[in-house]
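From first to last, the protein sequence lines stand for chains E, Z, S and V. Last residue of the first sequence: number 136 in our numbering, and the count goes up by one each step with no gaps. Last residue of the second sequence: number 1136 in our numbering, and the count goes up by one each step with no gaps. Last residue of the third sequence: number 2136 in our numbering, and the count goes up by one each step with no gaps. Last residue of the fourth sequence: number 3136 in our numbering, and the count goes up by one each step with no gaps.
By construction, these hints were calculated from the structure, which means they are not laboratory data. Careful, some of the hints might be misleading.
Result set (DMTMM-like, lysine to aspartate or glutamate): computed pairs, CA atoms no more than 25 Å apart in a straight line [claimed, not checked]:
#1 E:Lys115 / S:Asp2113
#2 S:Lys2007 / Z:Glu1036
#3 S:Lys2077 / S:Glu2047
#4 S:Lys2050 / Z:Glu1073
#5 S:Lys2066 / V:Glu3049
#6 S:Lys2007 / Z:Asp1113
#7 S:Lys2050 / E:Asp113
#8 Z:Lys1050 / S:Glu2047
#9 V:Lys3050 / V:Glu3036
Predicted model only: the values in this text are computed from it and were never measured.
4 protein chains.
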Amino acid sequence: MISGETKVRIRYSETDQMGYVYHGKYAEFYEIGRTELIRRLGLPYGELEKQGIFMPVLEIHSRYIKPAYYDDEITIKTTVRELPGVRMMFHYNLFNQEGELINQGHATLIFIDGKSRRPIRPPHELIDALQPYFTE
Amino acid sequence: MISGETKVRIRYSETDQMGYVYHGKYAEFYEIGRTELIRRLGLPYGELEKQGIFMPVLEIHSRYIKPAYYDDEITIKTTVRELPGVRMMFHYNLFNQEGELINQGHATLIFIDGKSRRPIRPPHELIDALQPYFTE
Amino acid sequence: MISGETKVRIRYSETDQMGYVYHGKYAEFYEIGRTELIRRLGLPYGELEKQGIFMPVLEIHSRYIKPAYYDDEITIKTTVRELPGVRMMFHYNLFNQEGELINQGHATLIFIDGKSRRPIRPPHELIDALQPYFTE
Amino acid sequence: MISGETKVRIRYSETDQMGYVYHGKYAEFYEIGRTELIRRLGLPYGELEKQGIFMPVLEIHSRYIKPAYYDDEITIKTTVRELPGVRMMFHYNLFNQEGELINQGHATLIFIDGKSRRPIRPPHELIDALQPYFTE
Chain E
1 MISGETKVRI RYSETDQMGY VYHGKYAEFY EIGRTELIRR LGLPYGELEK QGIFMPVLEI
61 HSRYIKPAYY DDEITIKTTV RELPGVRMMF HYNLFNQEGE LINQGHATLI FIDGKSRRPI
121 RPPHELIDAL QPYFTE
Chain Z
1001 MISGETKVRI RYSETDQMGY VYHGKYAEFY EIGRTELIRR LGLPYGELEK QGIFMPVLEI
1061 HSRYIKPAYY DDEITIKTTV RELPGVRMMF HYNLFNQEGE LINQGHATLI FIDGKSRRPI
1121 RPPHELIDAL QPYFTE
Chain S
2001 MISGETKVRI RYSETDQMGY VYHGKYAEFY EIGRTELIRR LGLPYGELEK QGIFMPVLEI
2061 HSRYIKPAYY DDEITIKTTV RELPGVRMMF HYNLFNQEGE LINQGHATLI FIDGKSRRPI
2121 RPPHELIDAL QPYFTE
Chain V
3001 MISGETKVRI RYSETDQMGY VYHGKYAEFY EIGRTELIRR LGLPYGELEK QGIFMPVLEI
3061 HSRYIKPAYY DDEITIKTTV RELPGVRMMF HYNLFNQEGE LINQGHATLI FIDGKSRRPI
3121 RPPHELIDAL QPYFTE
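Can you make the complete structure from the sequences, with help from the hints?
Encoded structure:
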């Protein structure tokens, strides 16, 4: 298992007239969470794309527990619980600056070849970087 | 059961560098789907808010089956399968212009009082408008 | 000179906590306006990209005269006043459903070759389609 | 004159299929720039709104000099050149991680009373905090 945390400051553009962060924006926070987790493994996602590997999202689930507000500083905790095969699943817990859990969810991504757009195995570098976190 | 369809044209701003519609945008399409369904019942969502009733999203789930592309004309089919209580669930099937199913999902919303921000029963007008679709 | 009108319905996601449409969203409305104008000339922008021609934005200016609100139906009036060279300028007037002018602006785009990313002349088909509107 | 710098990391959702950051997103970067500048003056914008003061955008201008790309770290340099009256103007210079100027622009905002939605003078605290930067 591997976890990482990153923070995001809520922008005005992310609020809606209810005074909450628009629920569709959380997909972006999830994206930031996994990007930063992968970066710390030494594999910026941009590098993967340069190697011709893309990771579209297959499925996403999100539970809104408490609202987030303008200018909140949200902590995104991202966890990978299993070594990826063709698919990779990320789990999310989001907290506000009071430490309250405000959102929980997961996203499943698939590795595809940028040209053929067909599923492929994840790159060796990623598996090698993840391996140490998944041995008991 | 009640269903309705509405169409949305994909904007350039909704694409990402993978050449697909960004997955986070589907939450907006779901929102458009339920807005238009409720409008046909004679109850524009804006009217609900003017009455002091808000409907934040509690939970959302989305499965991406095929990508959508720039300038595609997507049909959003929205279905309500059960009369709402404090919560209201919407089911979604999205189709591209070739009639292919590209996305499936659902969203659960809650009725709250705009001032107290506490859960409330749905307005009578909404229940009255829905009732005829839910008698066997 | 050539003008065209298209309508857009304001989405909940486009509002902010001020209760107005977020000002950054108007760039998307401008994009919709020019896309529909070009489509009516028989040249969907997607076709241009398939031919290897891209049109990034060089400059944009926007004046916010009155706010737009959730669920408003905005009319986007797009005008091209001069035949394009390497650059093409679009002028915009946006009206709400009461017919009030709410926003004015323009956007200048440049034609580039998708591979070299260098400026190029606009495609003949576009000039041919525009020509009849620019003879006195 | 007062200037401040803040950084923003480009999100995947901010790219479009051209492979660039979507031009409409720069309005958000401008917003981040002025938010952070005002915060350093000890006046978080959220506090202004709690006092009943809102700052909608009246006018925006943006010149796109070089594209920004996914995962770029953009420096937003925000400058206020004149003490605000009813209006406040912010000037922007955006730089990529190579230090290249990629975008220039400005935004003019107006102070309004949240209830009446009428123009008002800027709050004393803001003027007091700005004053030291505008004496020769």
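Distance restraint between Lys115 of chain E and Asp2113 of chain S, which requires alpha-carbon spacing of 25 Å or less: OK: Lys115 of chain E and Asp2113 of chain S at ~21 Å, within 25 Å.
Straight-line alpha-carbon gap Lys2077 of chain S to Glu2047 of chain S, limit 25 Å: holds, 23 Å
Hint consistency between Lys2007 of chain S and Glu1036 of chain Z [alpha-carbon to alpha-carbon, up to 25 Å]: Satisfied, since the Cα-Cα distance of roughly 16 Å is no more than 25 Å.
Straight-line alpha-carbon gap Lys2050 of chain S to Asp113 of chain E, limit 25 Å: holds, 21 Å
Agreement of Lys2007 of chain S and Asp1113 of chain Z with the hint, judged by alpha carbon distance not exceeding 25 Å: violated, 32 Å
Hint consistency between Lys2050 of chain S and Glu1073 of chain Z [alpha-carbon to alpha-carbon, up to 25 Å]: Distance of about 18 Å is within 25 Å: holds.
Pairwise hint evaluation, Glu3036 of chain V against Lys3050 of chain V, where the allowed Cα distance is 25 Å at most: Holds - the C-alpha atoms of Glu3036 of chain V and Lys3050 of chain V are around 17 Å apart, at most 25 Å.
Distance restraint between Lys1050 of chain Z and Glu2047 of chain S, which requires alpha-carbon spacing of 25 Å or less: violated, 44 Å
Distance restraint between Lys2066 of chain S and Glu3049 of chain V, which requires alpha-carbon spacing of 25 Å or less: holds, 20 Å
The structure shown violates the earlier hints numbered 6 and 8.
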